[in-house]
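Protein chains in written order, with the numbering used here: chain V, 34 to 174; chain B, 34 to 174; chain A, 34 to 174; chain U, 34 to 174.
Please note that a few of the clues may not be correct.
Listed next, the in silico EDC-like pairs over lysine to aspartate or glutamate satisfying Cα-Cα at most 20 angstroms (straight line) [unchecked claim]:
| no. | chain 1 | residue 1 | chain 2 | residue 2 |
| --- | --- | --- | --- | --- |
| 1 | V | LYS111 | B | ASP156 |
| 2 | U | LYS111 | A | ASP156 |
| 3 | V | LYS103 | V | GLU143 |
| 4 | U | LYS103 | A | ASP156 |
| 5 | B | LYS171 | B | ASP141 |
| 6 | B | LYS103 | B | ASP156 |
| 7 | U | LYS111 | U | GLU58 |
| 8 | B | LYS103 | B | GLU143 |
| 9 | V | LYS103 | V | GLU58 |
| 10 | A | LYS111 | A | ASP156 |
| 11 | U | LYS84 | U | GLU107 |
| 12 | U | LYS84 | U | ASP57 |
| 13 | U | LYS111 | A | GLU107 |
| 14 | U | LYS111 | A | ASP81 |
| 15 | V | LYS103 | V | ASP156 |
| 16 | B | LYS111 | B | ASP141 |
| 17 | A | LYS103 | A | ASP141 |
| 18 | A | LYS103 | A | ASP57 |
| 19 | B | LYS171 | B | GLU143 |
| 20 | U | LYS103 | U | ASP57 |
| 21 | V | LYS103 | B | GLU110 |
| 22 | U | LYS103 | A | ASP81 |
| 23 | V | LYS111 | B | ASP141 |
| 24 | V | LYS84 | V | GLU110 |
| 25 | A | LYS103 | A | GLU58 |
| 26 | V | LYS103 | B | ASP156 |
| 27 | V | LYS111 | B | ASP81 |
| 28 | U | LYS84 | U | GLU110 |
In case anyone wonders, no lab produced these hints; they're calculated from the structure.
No experiment lies behind these values; they were computed from the predicted model shown.
4 protein chains.
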Amino acid sequence: MLTITRLDQQDARLLIQGARQKADEIGVPMCIAIVDESGNLVAFERMDGGKITSVTIAQDKAFTAAAARKATHEYNEKCVPGSLVFGIHTAMGGRLCVVGGGLPVSVDGEVVGGIGLSSGTPDQDMACAQAGIDHFLKARG
Amino acid sequence: MLTITRLDQQDARLLIQGARQKADEIGVPMCIAIVDESGNLVAFERMDGGKITSVTIAQDKAFTAAAARKATHEYNEKCVPGSLVFGIHTAMGGRLCVVGGGLPVSVDGEVVGGIGLSSGTPDQDMACAQAGIDHFLKARG
Amino acid sequence: MLTITRLDQQDARLLIQGARQKADEIGVPMCIAIVDESGNLVAFERMDGGKITSVTIAQDKAFTAAAARKATHEYNEKCVPGSLVFGIHTAMGGRLCVVGGGLPVSVDGEVVGGIGLSSGTPDQDMACAQAGIDHFLKARG
Amino acid sequence: MLTITRLDQQDARLLIQGARQKADEIGVPMCIAIVDESGNLVAFERMDGGKITSVTIAQDKAFTAAAARKATHEYNEKCVPGSLVFGIHTAMGGRLCVVGGGLPVSVDGEVVGGIGLSSGTPDQDMACAQAGIDHFLKARG
Chain V
34 MLTITRLDQQ DARLLIQGAR QKADEIGVPM CIAIVDESGN LVAFERMDGG
84 KITSVTIAQD KAFTAAAARK ATHEYNEKCV PGSLVFGIHT AMGGRLCVVG
134 GGLPVSVDGE VVGGIGLSSG TPDQDMACAQ AGIDHFLKAR G
Chain B
34 MLTITRLDQQ DARLLIQGAR QKADEIGVPM CIAIVDESGN LVAFERMDGG
84 KITSVTIAQD KAFTAAAARK ATHEYNEKCV PGSLVFGIHT AMGGRLCVVG
134 GGLPVSVDGE VVGGIGLSSG TPDQDMACAQ AGIDHFLKAR G
Chain A
34 MLTITRLDQQ DARLLIQGAR QKADEIGVPM CIAIVDESGN LVAFERMDGG
84 KITSVTIAQD KAFTAAAARK ATHEYNEKCV PGSLVFGIHT AMGGRLCVVG
134 GGLPVSVDGE VVGGIGLSSG TPDQDMACAQ AGIDHFLKAR G
Chain U
34 MLTITRLDQQ DARLLIQGAR QKADEIGVPM CIAIVDESGN LVAFERMDGG
84 KITSVTIAQD KAFTAAAARK ATHEYNEKCV PGSLVFGIHT AMGGRLCVVG
134 GGLPVSVDGE VVGGIGLSSG TPDQDMACAQ AGIDHFLKAR G
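Let the hints inform the model, and build the full structure from the sequences given.
So, in structure tokens, the structure goes:
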């Protein structure tokens, strides 16, 4: 039997709060998705003005980051023609997302969930995702 | 009427055993999928710690290798923009997988099934898939 | 943060072993799928002669039982026209399966995974799924 | 290793020929699909005037009959609310088809493929599918 640590609803709120604050700061309304360590959705918020396509993309970024234990921008970097990783962006009907903006959430070196942001540029999405994690880790003390 | 040779459950176990031993050796818990010559799943094992995204990707690699009678890394090599093969990675909703780690399993020059590994780098996945085949062929004598 | 208990590969093997023994006993080769408490595949075996359609159905039964924490035959009972549950059999593109043969696997009152059997009649599938659980619980002592 | 007998292209033509003759006789242009014993398409013909929806349905009937080794009308009979089989009609995204008109093709007691007809009433589809099998078996002598 395995024992797994997984973020709960309170943790998810902290992650969203940090990401939302950063999104407000840069003036880009975002879709924010939080998944558990198995990739299943725990919480989601579409800020007023967030994009419709981002409803799906934010979830897929969070799913990918948690379920593959890897940031989506790291997959992006390797998913170039000629690399043996190329093609992974179409896996699972395209649900495996290699667009920047998805980060695994780790506690004590273990992936406990994932956060995915979408609606801005990938750089903006990544910054907000990181802000969510920073806020979460700081609140945990 | 055609007569087809297809791996059975015992063969599948040998393939998984060889792949698992290599995965243990390199310290990367893997998802291991074995399909028959028509691409249908015969056996699957997610080693403790194998990635969730790899549950699907390992199966898709095995499916592609058996059903197209070609290693996924061979497709990968040709699936570059400008090549007429490019785009095949989106076929079947992305189920046709061109990421390295899927190998056809052949006996007496005939494809009898496929093996797909996922959770490591493509090179690691390919090495474990090959180890599965080596173990299987050696056990057959 | 939540702490989750989840079956591991060794547990999955015990579940498959018990189900396979019963399938052998009644002379019906089966597809046997084991998933973790989040519904993700841990192990799968298509016994020689198991049906191709059952490759998917066994997995979907196991997924449903674990992810909804309910036996598929319990959903079946309530999934009749006029009941407010009716229609749930088409959820998730039909992945939510209400055909008998999927059981949640519980330890100490907590669902730790699911087992799904397919290839026989629903009664046969259910008997083999239960045999898998019995064998697993007995081996745990 | 398993040895499988599977219909070939010549067999498929005989099956289509018999089904087409019956369709001409009753004056209903049909879609006719032939799959191998694993459910993969071997041959397909849309007679002039065959329905577009039937392009998919004929294939799904043939797939179901071969891959589950059961006539689709037999599934239909048992797939009624309150039966433990109910819900199987939505499996595989609805690809598992319980509408009459799909028959397994057997030789020497072994399923070697499947035939699926669609465009008429289920009774007409079933009659044409059976006519295909009769013609095939007669031609084999």
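- Query: Is LYS84 (chain U) close enough to GLU107 (chain U), meaning Cα to Cα at most 20 angstroms?
  - Reply: Since the Cα atoms of LYS84 (chain U) and GLU107 (chain U) sit roughly 24 angstroms apart, the hinted pair is violated (cutoff 20 angstroms).
- Query: Holds or violated: are the alpha carbons of LYS111 (chain U) and GLU58 (chain U) at most 20 angstroms from each other?
  - Reply: Measuring from Cα to Cα gives roughly 31 angstroms; hence the hint is violated.
- Query: Taking 20 angstroms as the top limit, are the C-alpha atoms of LYS103 (chain A) and ASP57 (chain A) close enough?
  - Reply: 26 angstroms, violated
- Item | Given hint ASP156 (chain B) paired with LYS103 (chain B) - CA-CA distance at most 20 angstroms | 17 angstroms, holds
- Message: For a C-alpha distance cap of 20 angstroms, please report whether LYS103 (chain V) and GLU58 (chain V) respect it.
- Response: Violated, at about 27 angstroms.
- Given the hint that LYS103 (chain V) pairs with ASP156 (chain B), does the C-alpha gap stay at or below 20 angstroms? 17 angstroms, holds
- Task: With a cut-off of 20 angstroms on the C-alpha distance, tell me whether LYS111 (chain A) and ASP156 (chain A) pass.
- Result: Answer holds: LYS111 (chain A) to ASP156 (chain A) is near 17 angstroms, not above 20 angstroms.
- Message: Between the alpha carbons of LYS111 (chain U) and GLU107 (chain A), is the straight-line distance 20 angstroms or under?
- Response: 18 angstroms, holds
- Query: Has the given pair, LYS171 (chain B) with GLU143 (chain B), been kept, meaning a C-alpha gap of at most 20 angstroms?
  - Reply: Holds - the C-alpha atoms of GLU143 (chain B) and LYS171 (chain B) are around 17 angstroms apart, at most 20 angstroms.
- Query: Holds or violated: are the alpha carbons of LYS111 (chain V) and ASP156 (chain B) at most 20 angstroms from each other?
  - Reply: 13 angstroms, holds
- Query: LYS171 (chain B) and ASP141 (chain B): Cα distance at most 20 angstroms?
  - Reply: Holds. LYS171 (chain B) to ASP141 (chain B) sits at ~14 angstroms (cutoff 20 angstroms).
- Message: Does ASP156 (chain A) sit within 20 angstroms of LYS103 (chain U), going by the straight-line distance between their CA atoms?
- Response: 17 angstroms, holds
Violated hints, listed in ascending order, are 7, 9, 11, 14, 16, 18, 20, 21, 23, 24, 25, 27 and 28; each of the other numbered hints is respected by the structure.
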